[in-house]
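Novice: As a plain string of letters, each chain reads:
2 protein chains.
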Amino acid sequence: MDNSTNFSAHVTVRIKKDSVFFGPGIAQLLQGVDTCGSVRDAALGMGLSYSKAWKVLNASEKELGYSLVVRHHGGKQGGKTTLSEKGRFWLDKYMLFEEALKKSADDIFAQMLKEEEGNV
Amino acid sequence: MDNSTNFSAHVTVRIKKDSVFFGPGIAQLLQGVDTCGSVRDAALGMGLSYSKAWKVLNASEKELGYSLVVRHHGGKQGGKTTLSEKGRFWLDKYMLFEEALKKSADDIFAQMLKEEEGNV
Numbered sequence: 002m003d004n005s006t007n008f009s010a011h012v013t014v015r016i017k018k019d020s021v022f023f024g025p026g027i028a029q030l031l032q033g034v035d036t037c038g039s040v041r042d043a044a045l046g047m048g049l050s051y052s053k054a055w056k057v058l059n060a061s062e063k064e065l066g067y068s069l070v071v072r073h074h075g076g077k078q079g080g081k082t083t084l085s086e087k088g089r090f091w092l093d094k095y096m097l098f099e100e101a102l103k104k105s106a107d108d109i110f111a112q113m114l115k116e117e118e119g120n121v
Numbered sequence: 002m003d004n005s006t007n008f009s010a011h012v013t014v015r016i017k018k019d020s021v022f023f024g025p026g027i028a029q030l031l032q033g034v035d036t037c038g039s040v041r042d043a044a045l046g047m048g049l050s051y052s053k054a055w056k057v058l059n060a061s062e063k064e065l066g067y068s069l070v071v072r073h074h075g076g077k078q079g080g081k082t083t084l085s086e087k088g089r090f091w092l093d094k095y096m097l098f099e100e101a102l103k104k105s106a107d108d109i110f111a112q113m114l115k116e117e118e119g120n121v
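Note that the protein sequences, when read in sequence, are chains F and C.
The first sequence begins at 2 in our numbering and counts up one residue at a time.
The second sequence begins at 2 in our numbering and counts up one residue at a time.
Next up, chain F with everything else stripped away, as it sits in the complex (with noise of 0.2 Å):
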């Protein structure tokens, strides 16, 4: 028999309003964003096409009515793309979100295999 030790829980979270509008992936890239100030520094970061970057975000930002990022032209952040409030705002919240339900997945799963132990 196996020790339940060797097994682990993983979870996914996307968030939805009429279609799913952010998930690990438009997480992943806007947390580059915030890092390198540019989609395409992003992008190249997780090996994800400048399009298909902008494909991710602009699906995004359709199905929320709003910006989830900023490009500045000009001035002191020229050439520049920031996250917008909204989109630290929904960065932040999936972030916690993910983080408080990967702890009750991790809590739940060891309650259940130690309920179980040796049928594993």
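Any given hint could be a false lead.
Copies of the same chain look alike in the list, so a pair counts if it fits in one copy or across any two.
With a Cα cut of at most 30 Å, we get these calculated BS3-like pairs of lysine-lysine [to be verified]:
| # | residue 1 | residue 2 |
| --- | --- | --- |
| 1 | K103 | K18 |
| 2 | K17 | K115 |
| 3 | K18 | K104 |
| 4 | K63 | K77 |
| 5 | K94 | K104 |
| 6 | K18 | K53 |
| 7 | K77 | K94 |
| 8 | K115 | K87 |
| 9 | K81 | K94 |
| 10 | K115 | K18 |
| 11 | K63 | K115 |
| 12 | K94 | K17 |
If you're looking for bench data, these hints aren't it; they were derived computationally from the structure.
Got chain F sorted already, so can you dock chain C onto it with the hints?
Specialist: Using the frame of chain F, we list chain C on its own:
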């Protein structure tokens, strides 16, 4: 501003040993086998090819080191495929785990959006 009740959370659960061996796909397949008594009919019911269904099953069984389904030749259950004891164990556990986690996700998500009403 959107009403936060427009949003909902969606969770996908996978169970891993060295690699993932159980998720929504194999759960649906085993439920189909349990209902139809046949991998072919179960695969058909979910738009999966027969060979792909066995590939999914074999990968999971290889990771676990035991069979999730039993093929019956001759006798009363001749030609039927049923869930093995372990197959039923993992299917039951997965369904309970998924249900508990969905409940947990709804609770965490509702609480989170409630705190931020008006911001989304």
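Novice: Does each hint hold? Answer for all of them.
Specialist: For each hint, the structure was consulted:
no.: 1; hint: K103 - K18; verdict: both (22 Å within a copy, 17 Å between copies)
no.: 2; hint: K17 - K115; verdict: between (33 Å within a copy, 16 Å between copies)
no.: 3; hint: K18 - K104; verdict: both (25 Å within a copy, 18 Å between copies)
no.: 4; hint: K63 - K77; verdict: within (29 Å within a copy, 57 Å between copies)
no.: 5; hint: K94 - K104; verdict: both (15 Å within a copy, 18 Å between copies)
no.: 6; hint: K18 - K53; verdict: within (21 Å within a copy, 32 Å between copies)
no.: 7; hint: K77 - K94; verdict: within (29 Å within a copy, 56 Å between copies)
no.: 8; hint: K115 - K87; verdict: between (42 Å within a copy, 16 Å between copies)
no.: 9; hint: K81 - K94; verdict: within (24 Å within a copy, 48 Å between copies)
no.: 10; hint: K115 - K18; verdict: between (37 Å within a copy, 16 Å between copies)
no.: 11; hint: K63 - K115; verdict: between (45 Å within a copy, 23 Å between copies)
no.: 12; hint: K94 - K17; verdict: both (13 Å within a copy, 26 Å between copies)
Hint violations for this structure: none, all hints satisfied.
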